[in-house]
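Undergrad: Taken in order, these protein sequences are the chains called U and D.
Going by this note's numbering, the first residue of the first sequence is number 14, and it counts up by one from there.
Going by this note's numbering, the first residue of the second sequence is number 283, and it counts up by one from there.
These are computed hints drawn from the structure, not numbers from a lab.
It is possible that part of the hints are untrue.
[Claimed, not checked] Selected chain D positions facing chain U (Cβ under 10 Å, derived; list incomplete):
(1) I389
(2) G390
(3) Y416
(4) V446
(5) A449
(6) F597
Yeah, the Cβ is synthetic: ideal placement off N, Cα and C, and Gly gets one too.
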Amino acid sequence: MGHTIRQIFRSGKFVVGFTILMSVLLVLVVYPWWVPDPPLQILGQGTFFPPGIYVSAYDASNAPVLYTLNLRDAADKRIESRLSQEDRLAMQEWLVADGLPESAIDLADTDALLALWEEHYEPDRRLPGMTFARMRYYQRVDAGLDSLRSAGGGEILAARNPETGELEETGMVKLTDYANISQVANVRILPLGTDNFGRDVLTQLVAATGVSLLIGFVAGLIATAIGLTLGLLAGYIGGWVDDIIMFFTNLFTVIPTFVLLILISFSIGQDQRGAITIAVVIGFTSWVWTTRSVRSQVFSLRNRDHVNLSKLSGHSLPRIIVADILPYIASYVVMALILQISSGILAEAGLSILGLGPRTTEVPTLGLMMNWAMIYQAHVLGNWWAYLPVLLTIALISFSMNLMNTGLDQVFNPALRD
Amino acid sequence: MKGYRGYFLNKFGWFALTFVFAFVLNFLLPRLMPGDPVAAIVARQAQGISNSTGVQAIYQQYTELFGTNKPLWEQFIIYVQNVLRGDFGFSFSQYPRTVADVLGASIGWTLMLQLPAILVGWTLGNMLGALAAYLRGGFDRILMPSSIFLSSFPPFGMAVILLVIFAVQLRWFPTSGGYGFDLIPSMTPEFLRSVVVHYQLPFWSIVLIGIGGYAIGMRSMSIYELNADYVKFSRFMGLKDSRIAAYVFRNAMLPQVTGLALALGTMVGGALIAEIIYSYPGLGTTLLNGVMGQDYPLISASTLIITLMVLTATFVLEILYGVIDPRIKATQSD
Numbered sequence: 014m015g016h017t018i019r020q021i022f023r024s025g026k027f028v029v030g031f032t033i034l035m036s037v038l039l040v041l042v043v044y045p046w047w048v049p050d051p052p053l054q055i056l057g058q059g060t061f062f063p064p065g066i067y068v069s070a071y072d073a074s075n076a077p078v079l080y081t082l083n084l085r086d087a088a089d090k091r092i093e094s095r096l097s098q099e100d101r102l103a104m105q106e107w108l109v110a111d112g113l114p115e116s117a118i119d120l121a122d123t124d125a126l127l128a129l130w131e132e133h134y135e136p137d138r139r140l141p142g143m144t145f146a147r148m149r150y151y152q153r154v155d156a157g158l159d160s161l162r163s164a165g166g167g168e169i170l171a172a173r174n175p176e177t178g179e180l181e182e183t184g185m186v187k188l189t190d191y192a193n194i195s196q197v198a199n200v201r202i203l204p205l206g207t208d209n210f211g212r213d214v215l216t217q218l219v220a221a222t223g224v225s226l227l228i229g230f231v232a233g234l235i236a237t238a239i240g241l242t243l244g245l246l247a248g249y250i251g252g253w254v255d256d257i258i259m260f261f262t263n264l265f266t267v268i269p270t271f272v273l274l275i276l277i278s279f280s281i282g283q284d285q286r287g288a289i290t291i292a293v294v295i296g297f298t299s300w301v302w303t304t305r306s307v308r309s310q311v312f313s314l315r316n317r318d319h320v321n322l323s324k325l326s327g328h329s330l331p332r333i334i335v336a337d338i339l340p341y342i343a344s345y346v347v348m349a350l351i352l353q354i355s356s357g358i359l360a361e362a363g364l365s366i367l368g369l370g371p372r373t374t375e376v377p378t379l380g381l382m383m384n385w386a387m388i389y390q391a392h393v394l395g396n397w398w399a400y401l402p403v404l405l406t407i408a409l410i411s412f413s414m415n416l417m418n419t420g421l422d423q424v425f426n427p428a429l430r431d
Numbered sequence: 283m284k285g286y287r288g289y290f291l292n293k294f295g296w297f298a299l300t301f302v303f304a305f306v307l308n309f310l311l312p313r314l315m316p317g318d319p320v321a322a323i324v325a326r327q328a329q330g331i332s333n334s335t336g337v338q339a340i341y342q343q344y345t346e347l348f349g350t351n352k353p354l355w356e357q358f359i360i361y362v363q364n365v366l367r368g369d370f371g372f373s374f375s376q377y378p379r380t381v382a383d384v385l386g387a388s389i390g391w392t393l394m395l396q397l398p399a400i401l402v403g404w405t406l407g408n409m410l411g412a413l414a415a416y417l418r419g420g421f422d423r424i425l426m427p428s429s430i431f432l433s434s435f436p437p438f439g440m441a442v443i444l445l446v447i448f449a450v451q452l453r454w455f456p457t458s459g460g461y462g463f464d465l466i467p468s469m470t471p472e473f474l475r476s477v478v479v480h481y482q483l484p485f486w487s488i489v490l491i492g493i494g495g496y497a498i499g500m501r502s503m504s505i506y507e508l509n510a511d512y513v514k515f516s517r518f519m520g521l522k523d524s525r526i527a528a529y530v531f532r533n534a535m536l537p538q539v540t541g542l543a544l545a546l547g548t549m550v551g552g553a554l555i556a557e558i559i560y561s562y563p564g565l566g567t568t569l570l571n572g573v574m575g576q577d578y579p580l581i582s583a584s585t586l587i588i589t590l591m592v593l594t595a596t597f598v599l600e601i602l603y604g605v606i607d608p609r610i611k612a613t614q615s616d
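Produce the entire structure from the sequences given, and follow the hints as far as they go.
TA: Dropping the structure here:
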């Protein structure tokens, strides 16, 4: 046993897969300790906030200390973020009308655009065909640019006096005022933004990965247990037991598993479908492969000398199975279990996409997250953070398991070794 | 050919038996569902009617129309009789369309998409796997992990990624549908071009998913065969490498054919989800609509059609397999 395990861990593929899986599990354990929020809590009012660090604007302007920093490129950056695409196009239009070739103007290069603007713009000049309103628009854009660049500018903070109802100045935020982010009372990091309900995607993803792994594990255990038991019985006892078991196995091999899953989940009904119920349903529909393979392996084992010797010694049936047969198929059963777990996770995701997954109010699963992202068209709207991390997690988990399996396969079947 | 006849009859018996079993499951499972789908339709139809006896009358009429007031076994007999006449009843969610009408519009799309996609994926996967086993070295070292990675992607995942890259970002292909929304199905060149353009993404997403798994399987089989005694013997005999490769390929191929037959059900399931992602007008999307609308005649009929398709394909493959490999008939008889 110890020797086998040492050998397994010498297989590169297995070790890589194992490390990936263990890292995922480690994150599952550590993350809730870091962000203790319930995963389904709705944080954002609105859909699909992009990933980033969210700083409370109120707390930032009311930070205990505001520092004055004179940064050289602060004004340029401010202008760059304030200057909308529409304004840039309007500026280009003006410059072209002024006689500049359109190819000389790069809209994305704010510095060059502003230099050209400063050089050519005259507030009082009215270009041919320009309306008065348009002229005023250009003047506003120009004035806005000036105020953003002046060193003394800023915005006045005001509060409404509760007695008189008038606005009273309470402070001033200058252009050079900076708050230290560690002194701002409320800062929330949303590394993967929020989903369509305004829930933190990362927190939800971690919880969902846990639930999906659990679903896969329960489904895999059930499927392997059924498959192993039936396979052992059919293979070892043979005769009519074998006939009956093989009858059902053949039947279920040909009926598409997915169709069966759809029918059963549908008839259970949305209210009854918890995560574990789904896991059990998946488990009960995916034992067929294991049964077939275990049976055929036991078939070849049951007439070996050591088994016959056990029989002659009068050992009981359970003892023969446990002591003389199981050890020979153990490696196969472990591999089957790993495959069943990863296909269980995929099956849950597939069902959820169809709207037949676990009910949505209690726990998140990877499939449900995917389902919501699809329903809200995240993939078409370009909100990658709502679906891509989910897909990658599913792929990573099943990749690690497939890799472990390939590694095990190469250890147990020396012919496949590199 | 006597042994072959026995094999054929045996396979056909299994085919028929499985079909009956699947048929009963198809009928029974959705009807065990809690809740009353008829009540849902009545609620839709009776919107704005405040008279409760009026609503009751509508309900009565619908239960009689759908036959849900009779005992289950009687419903089953009626169902069998109707299905034999090709009548699957009315669709609950798309009433007054019949289920046969809804399915008839979608089954062609599914056949046209899935059959070629699964076969192409299978062929490409097997070729790559055999090549990896034959060449080993660098090719194998790249192909193997990438095959494992490819086959780790859930079918819908591949569909979404292709959709985002090629339809949303690059805008090479449309995001959804089987043909342009402004066209009416006809045999005009414009319509056919639109169909071909809409076909690409669903097709390749199914193909890519298939390649990985088959490449891994074929590689293992080919490596086993390459180490077999007959290969060494042929080498000693001085046969040409290409000749040996042909032998190996043929022998390694045989289990892959059974693999295809057995995995068809799973593949079709994955392909159905790919259809849903692209809103392709096939059975997958119909099934989704059925689930959303609690439409059990539609669900029963679509799952029945899918089962029948998979069963037929499996049956044909197994018959072909018996012809290709005589050993199979022998093992079947014990």
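Undergrad: Please flag the earlier hints that this structure goes against, numbers listed from lowest up.
TA: 1, 2, 3
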